[in-house]
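Start from the sequences, fold in the hints, and give me the full structure.
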Amino acid sequence: MSFLKKPKISHPGLPKNDIGLTIRDYEGAMSTLCAGCGHDSVSSAIMQAYFELSMQPHRVAKVSGIGCSSKTPTYFLGGAHGFNSVHGRMPSIATGANAANRELNYIGVSGDGDSLSIGLGQFAHAIRRNINMMYLIENNGVYGLTKGQFSASADRGSTAKKGDANPYSPIDPVLLAISLGCTFVGRGFSGDKDHLVPLIKSAIRHNGFALLDIISPCVTFNDHEGSTKSYAHTRANMRETVHADFTDHHEEIVAQVSPGEFKKITMHDGSRVGFKRVDEHYDPTDRISAISYIEEHRAKGEVVTGLLYLEESTTEMHSVLGSSEQAMATLPYEKLNPGAATLAKIQSRWR
Amino acid sequence: MTKHSKLNDFVIKLANVNGTGSASANGLLMKSIFRMGIPVTGKNFFPSNIQGLPTWYEIRVSKDGYLCRSGKVDLMVAMNAETYSADLAEVDPGGFLIYDSTWPRKDLTERSDVTVLGIPLSGMCNEAFESARAKVLMKNVAYVGALVALLNIDMQVVETLLKETFSTKPHLADANMLAIKMGYDYAIEHFDCPLPLKLEAMDRTAGHVVVDGNTTAGLGAVYAGATVTSWYPITPSTSLIDAYSIFCQQLRKDPETGDNNYCVIQAEDELSAIGMVLGANWNGARAFTATSGPGVSLMSEFLGLAYYAEIPAVLYDVQRVSPSTGMPTRTQQCDIVSAAYASHGDTKHVLLFPSDPTDCFHMSRTAFDLAERLQTPVIVLTDLDIGMNDWMIPELEWDENYTPDRGKVYSSEQLKDMDAFYRYLDVDGDAIPWRTLPGVDPKGAYFVRGSGHNKFGGYTEKSDEYKDVVDRLRRKFDTAAALAPAPVLTKNDSIASEKRWALLSIGSCDGAIREARDRLIADSNTNLDYLRIQAFPFHADVLDFIEQYDHVFVIEQNRDAQLRQLLTIELNIDPNRLLPLLSYDGMPVSSDFIVEGVSQLIQQGQAA
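Chains as they are written, first to last, in this note's numbering: chain A, 1 to 351; chain B, 352 to 959.
None of these hints come from the bench; they were simulated from the model.
Everything numeric in this text was worked out from a predicted model, so none of it was measured.
Backbone N, C-alpha and C fix where the C-beta goes; we use that ideal spot for every residue, glycine too.
Worth double-checking, as some hints may not be accurate.
[What the hints assert, rightly or not] Calculated Cβ distances over 12 Å to all of chain B for the following chain A residues:
id, residue
1, A160
2, D269
3, A340
[As the list claims (entries may be wrong)] Simulated restraints, written as ranges between beta carbons of each label pair:
id, chain 1, residue 1, chain 2, residue 2, range
4, B, T586, A, S117, 26 to 32 Å
5, B, S375, A, S289, 54 to 60 Å
6, B, P793, A, S348, 46 to 52 Å
See the structure below:
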């Protein structure tokens, strides 16, 4: 019952963030997903990330398509406007919304069906345009709402609940995004919130399109033995390659490089992402080696996670278009109307 | 043989091969006549192709100011060997044909009722010009020169136009003038100039301009305050977005910062184009797209969402010949039904029907105002004839007192005074709810969804809650009918005859109907009231009009009488009272067609 509001009673001792809000202020309506669904853990990580970043919920715009994942924006940040659009078309809604108001923060929530099948075209083109937004794919390899068909991210040979093996090769959104020139690409696991929260915070602060592919098991249709998107299989085969720590711009940055960090990247707004290498030789700023590393491990059946590729972007859509800093939506009409005298001048060319 | 003798009232048709530069020569000819003060229009019949296929340009000169196709050709300039026989056959008895006699065509010039004039255009140009490209281009300019002599065009006007056109490249002006003179001298030397078809300066084009409707629609969007557009290229709508972009480059650079106060985004397809428009309108910008029939098919899913979730949007549909890919460079009014009901389920859209480039300009503003007032998509149904042909219109005027109607949007201050905001309540009894914009105030937050929702904006699967919202949406269309532009009535009460018949139409049929109606009334003293519908849902005046007559002739440019279908369904009219008159061959409807069609319908009615 997503229209049911949770009772708003909070413990007076709940910690407050810099703008005086508690984690309860980042909650949404009650989830209607199955108990144990990975997506609810992702929603919880999203709330945590926005809370820790002290962002005003109403300055965030939530967009989604159709599917279990696309329902989740109702379950977090109840104070933000949301747009649950049509199947596979969220990227175009996000693009238009961003074109109209570049001042808001955008979070898009999608799934593997929504982004990799029906919406593959829009997904790819939103990356090409480098829309300034965080784009989450809650990836479970299966269509839940229509009861268990394989999605385009299902691995070849992975089995359905009734035992059929998937004969087709999967589309990996991470490899796809890197190859399309996405400037921020990460992969997480819904069962690993500690790693997920800094990933989401970094993605929110990225100036450009930030893709997070989050393995988020479907407890009802795809959590059995034989599935490569189950909790057990993901835990056994997950390989965290590079760990990202996030330091917000207003927090004091104590040391240049904390212990274990091999690289720090300063974001557009002054925030910093510090990388801790888990796997030697991995360089999350080298696109070509990142692709071959992910491919090699995929061939071994391993799921590589972490902030896998980051390039501080200077080419988000508005900088390419040369748009005004002020949102299109709030430009006063006087600035938009050329007036009667100009109209007469234009028409002198039509004689 | 009787030769046509006509002053300032005839049709010139120029048959060319596309990609040979004929468009600028033909434009020069049309503009020269316009500058002589004589009413004129130019229609381009071009192929869906880059180079090598037949293309025609038809110039109607009309001292009385009739600007539609007449249906006749008095003078053919036959520059395309491929279409020569067909072009010759099309000339009205008593008419003239000019051809390039560098290659004589004795066998093909045998029509005793047409005067054939041969001019060795290629031969002259091959001698006079060096480059291969110039030889091809200049033979077009040379026939314009010959027409200056044959039709008595003011040479001074031609020279001034060329100087203006090539102000930055004076050597081209000289080359063009040389070609003009060659054609002119040849005609003076070999023929009796002028022909019985001739021009004489008038003063009927002062205060007028020549422009196409895609240009004025794009400019109208700029004046309406649109800041975001997203589109996917498709003939014949592309030039509308091009016009918007070019005007924005000129008029919407912020004088202080140099930044663009507009966003133009070329989408990956039409689905994305309309999606971006919805996203931008949701966020409070005036955003639009332009497309043609195939694009409307692709946009249908999102249009249904916009209808149900009540998101403003403006869509220009520049109609072309369908079904499917159809004939992309030919005109029709064939998307009336598909636009009115675009998308699955009980979905309806507001339509506007401009009749010429003047309407395209002013209806742009109306479209954005209605879309935001009604919180629903507004589709401007224009067509290729309006959008891409050269129309003579009175100079456009802008009302400086205009302020955009942004509709019912709660401000932060209003929200602060409220206990709670609910998105879909009918607060004012006009079936239009209030909305809020993202980012304005925490109290305004709500969730847009295409799934079942109740009047509070919450998800629902309850029958009564669902019905409550869709019943209000139906009532909202009553409000729309009252707010949308009323139909335009033309009548002549000085004619005493009883009112048994009337004319009803939309859009670009207007010019041909006006001329046909004048001719029909003059010939038979028949009373023929004429109503031009400007919007859907239909204004109350439409039904009132129809009810006054035994029969109403519904004139439109499609095969299936789509306007008539819509009238029958929406107004619950006996279909037998609406008699269809349909032109759907892809050419703009002519006044001849309507005179003949209406005469036949009247005869049938009298016989019955």
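Structure-based check of all given hints:
1. A160: At about 27 Å from chain B, A160(A) clears the 12 Å cut-off, so the statement holds.
2. D269: holds (18 Å)
3. A340: violated (4 Å)
4. T586(B) x S117(A): 26 to 32 Å: holds (31 Å)
5. S375(B) x S289(A): 54 to 60 Å: holds (55 Å)
6. P793(B) x S348(A): 46 to 52 Å: holds (51 Å)
Of the numbered hints listed earlier, the single one contradicted by the structure is hint 3.
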